[in-house]
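Please build the complex by placing chain D on the supplied structure of chain U, with the hints as guidance.
Number of protein chains: 2
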Amino acid sequence: MRSNLRIGVVGATGAVGAITLDLLRERGYDAVRAFASARSAGSTLDGLTVEEATPETLGVGDLELCLFSVGTAASRELVPLAAAGGALCIDKSAAFRLQEGIPLVVPEVNGDRAHQNEGIVANPNCCSIPLAMTLAPIRDAVGLRRVRVATYQSASGAGAQAMDRLRRESSSDHDLRMDWEFDGVEFDEEEKIRAETRKILELPDLPVSATCVRVPVLVGHAEALWLETDTPLSSAEAREVLSEAPGLRIDEFPSPGKAVGVDEVLVGRIRRDTTVENGLALFVACDNLRKGAALNAIQIAELALRERSAA
Amino acid sequence: MRSNLRIGVVGATGAVGAITLDLLRERGYDAVRAFASARSAGSTLDGLTVEEATPETLGVGDLELCLFSVGTAASRELVPLAAAGGALCIDKSAAFRLQEGIPLVVPEVNGDRAHQNEGIVANPNCCSIPLAMTLAPIRDAVGLRRVRVATYQSASGAGAQAMDRLRRESSSDHDLRMDWEFDGVEFDEEEKIRAETRKILELPDLPVSATCVRVPVLVGHAEALWLETDTPLSSAEAREVLSEAPGLRIDEFPSPGKAVGVDEVLVGRIRRDTTVENGLALFVACDNLRKGAALNAIQIAELALRERSAA
Numbered sequence: 395m396r397s398n399l400r401i402g403v404v405g406a407t408g409a410v411g412a413i414t415l416d417l418l419r420e421r422g423y424d425a426v427r428a429f430a431s432a433r434s435a436g437s438t439l440d441g442l443t444v445e446e447a448t449p450e451t452l453g454v455g456d457l458e459l460c461l462f463s464v465g466t467a468a469s470r471e472l473v474p475l476a477a478a479g480g481a482l483c484i485d486k487s488a489a490f491r492l493q494e495g496i497p498l499v500v501p502e503v504n505g506d507r508a509h510q511n512e513g514i515v516a517n518p519n520c521c522s523i524p525l526a527m528t529l530a531p532i533r534d535a536v537g538l539r540r541v542r543v544a545t546y547q548s549a550s551g552a553g554a555q556a557m558d559r560l561r562r563e564s565s566s567d568h569d570l571r572m573d574w575e576f577d578g579v580e581f582d583e584e585e586k587i588r589a590e591t592r593k594i595l596e597l598p599d600l601p602v603s604a605t606c607v608r609v610p611v612l613v614g615h616a617e618a619l620w621l622e623t624d625t626p627l628s629s630a631e632a633r634e635v636l637s638e639a640p641g642l643r644i645d646e647f648p649s650p651g652k653a654v655g656v657d658e659v660l661v662g663r664i665r666r667d668t669t670v671e672n673g674l675a676l677f678v679a680c681d682n683l684r685k686g687a688a689l690n691a692i693q694i695a696e697l698a699l700r701e702r703s704a705a
Numbered sequence: 395m396r397s398n399l400r401i402g403v404v405g406a407t408g409a410v411g412a413i414t415l416d417l418l419r420e421r422g423y424d425a426v427r428a429f430a431s432a433r434s435a436g437s438t439l440d441g442l443t444v445e446e447a448t449p450e451t452l453g454v455g456d457l458e459l460c461l462f463s464v465g466t467a468a469s470r471e472l473v474p475l476a477a478a479g480g481a482l483c484i485d486k487s488a489a490f491r492l493q494e495g496i497p498l499v500v501p502e503v504n505g506d507r508a509h510q511n512e513g514i515v516a517n518p519n520c521c522s523i524p525l526a527m528t529l530a531p532i533r534d535a536v537g538l539r540r541v542r543v544a545t546y547q548s549a550s551g552a553g554a555q556a557m558d559r560l561r562r563e564s565s566s567d568h569d570l571r572m573d574w575e576f577d578g579v580e581f582d583e584e585e586k587i588r589a590e591t592r593k594i595l596e597l598p599d600l601p602v603s604a605t606c607v608r609v610p611v612l613v614g615h616a617e618a619l620w621l622e623t624d625t626p627l628s629s630a631e632a633r634e635v636l637s638e639a640p641g642l643r644i645d646e647f648p649s650p651g652k653a654v655g656v657d658e659v660l661v662g663r664i665r666r667d668t669t670v671e672n673g674l675a676l677f678v679a680c681d682n683l684r685k686g687a688a689l690n691a692i693q694i695a696e697l698a699l700r701e702r703s704a705a
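First to last, the sequence lines map onto chains U and D. Just remember that the working numbering sits 394 ahead of the position in the first sequence, which is counted from 1. Just remember that the working numbering sits 394 ahead of the position in the second sequence, which is counted from 1.
Treat the hints loosely; a few may be bogus.
Since the list gives no way to pick out one identical chain from another, each pair is judged satisfied if it fits inside one copy or across any two copies.
[To be verified] Within a straight-line C-alpha distance of at most 20 Å, the following computed DMTMM-like cross-link-like pairs (lysine to aspartate or glutamate) qualify: (1) K652 - E563; (2) K652 - E445; (3) K652 - D573; (4) K652 - E471; (5) K652 - D624; (6) K652 - E450; (7) K652 - D424; (8) K652 - E671; (9) K652 - D534; (10) K652 - E622.
If you are wondering where the hints come from, they were derived from the structure by calculation, not from laboratory data.
Excised from the complex, chain U in its bound form (with noise of 0.2 Å):
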């Protein structure tokens, strides 16, 4: 992407939304605008001044490229009219995930389908990065069959307010949230797991049994996983393939405090599930905020433009 490209931050109040401003400003990107809601408008962000984001402001057609870290409802709203005004959007919210058209893209996975959007592409749950980027070169190298996960979320994961909530909390009244709706017999998050990580592996069937937990942890998110493949993997094999695949490093005991500040993924923990013919279990964790979401997408943006630049 071009060093000027025009590019807005909407949510840039937010956790994801100030990573992003400094992962742009890292890339060397120096014509970047900030915008959120009418209550931060006005105010100083680093250097910038903070633009209420609205259907005038963002919809006008001079920003070549929008990163939304917003609600649902929010990116339902602004996302559509900053596409039409021309930009092309990278969305983090659940609005457009499961879209049917709208690439849902972890560039490691399947940076292909960046290119085929039509000014919108969504950028996955946090929780589904980390996952689809483990799973994606088990699967390529001997299939899957099933997935557990048990997750261990940190309190950036649900923003800024939450963090603040934890930091405020002493230690003693540290416990494990459930802050998801709960839908069913499942938690949203729950659902979205599953849906996403279908999608974005190309595996519609793919059967994946999540729980999540919110733990007292700021920031970095970790997942226990137990998976099942369709023909066998020894722990040292599927070190070998984790080791060779984009965007993961192995560590021997992941853990979001090892994870913060990082770009990649840590695997580890590779063992056999010995419960079954074919199992593997392993943990990862990784920066929720960096390649959670920030990072991502600032990365899909990267590709999705690489053959606009071309042309």
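Here is chain D on its own, set in the frame of chain U:
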């Protein structure tokens, strides 16, 4: 047990020891002595002068019951001496749990084993207790085929010093911990859960795969479970079975915070694991210092000494 039973609490200054003294007082036992290492000997604890735990103080035969919550090495040395002196010893370390001929007891599951002791009864690991209590009624109803468990273990499971460390840390430093010995492909904690669950449930070949994780919570362990049964059990039937099981309490969303100070194990999020034919997923939480340790040990003693009192 008689209220004037001569009881020694060994390891009285630790996290579990403190709860043990509380529970004994609540239950009306008034001939309790506190023992700890030389470092704490002479200090006062809840009105008791702490005595040094030595082969001499514990082995002389003036105690009828000894509740041990000390390290494995100390238990290995002291428990047999106290037992030889005539005390019934309930040991909470790993020293004797898997030793043939020594019962490993969760009163609600295999309470009959408590009587079959030769002076020593082992108390299971704080994760094995709620797990066995949840699995036993399912085993009885439809048979168990395999079990996977991801743990969310609090700092108190690693003792009072780990709790102090967590209290001192600012929340920004919080991270998942991996503080067990790593033995081959599994943490020793994971191997313990498998071996102890098999012994308690008397299912020596039950396939169990555990992933153990320490979370920055002070008190209260939680576990995400996936289990497969021999014959089908709907989530409604599972809920029914579990709601009737002793020591369990159904809670829609169990969490450590809800479990603290509660005698029962909280069981909830009971749903089908749709990735397999006879699969169930559920989530449990338990006060690891109470039912996971101190309370379970006292319940074992009350059960084992009921016969003696009656005799």
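Discussion item. For each hint given before, does the structure comply? Return the numbers of the non-compliant ones in rising order.
Written reply: 2, 4, 5, 6, 7, 8, 9, 10
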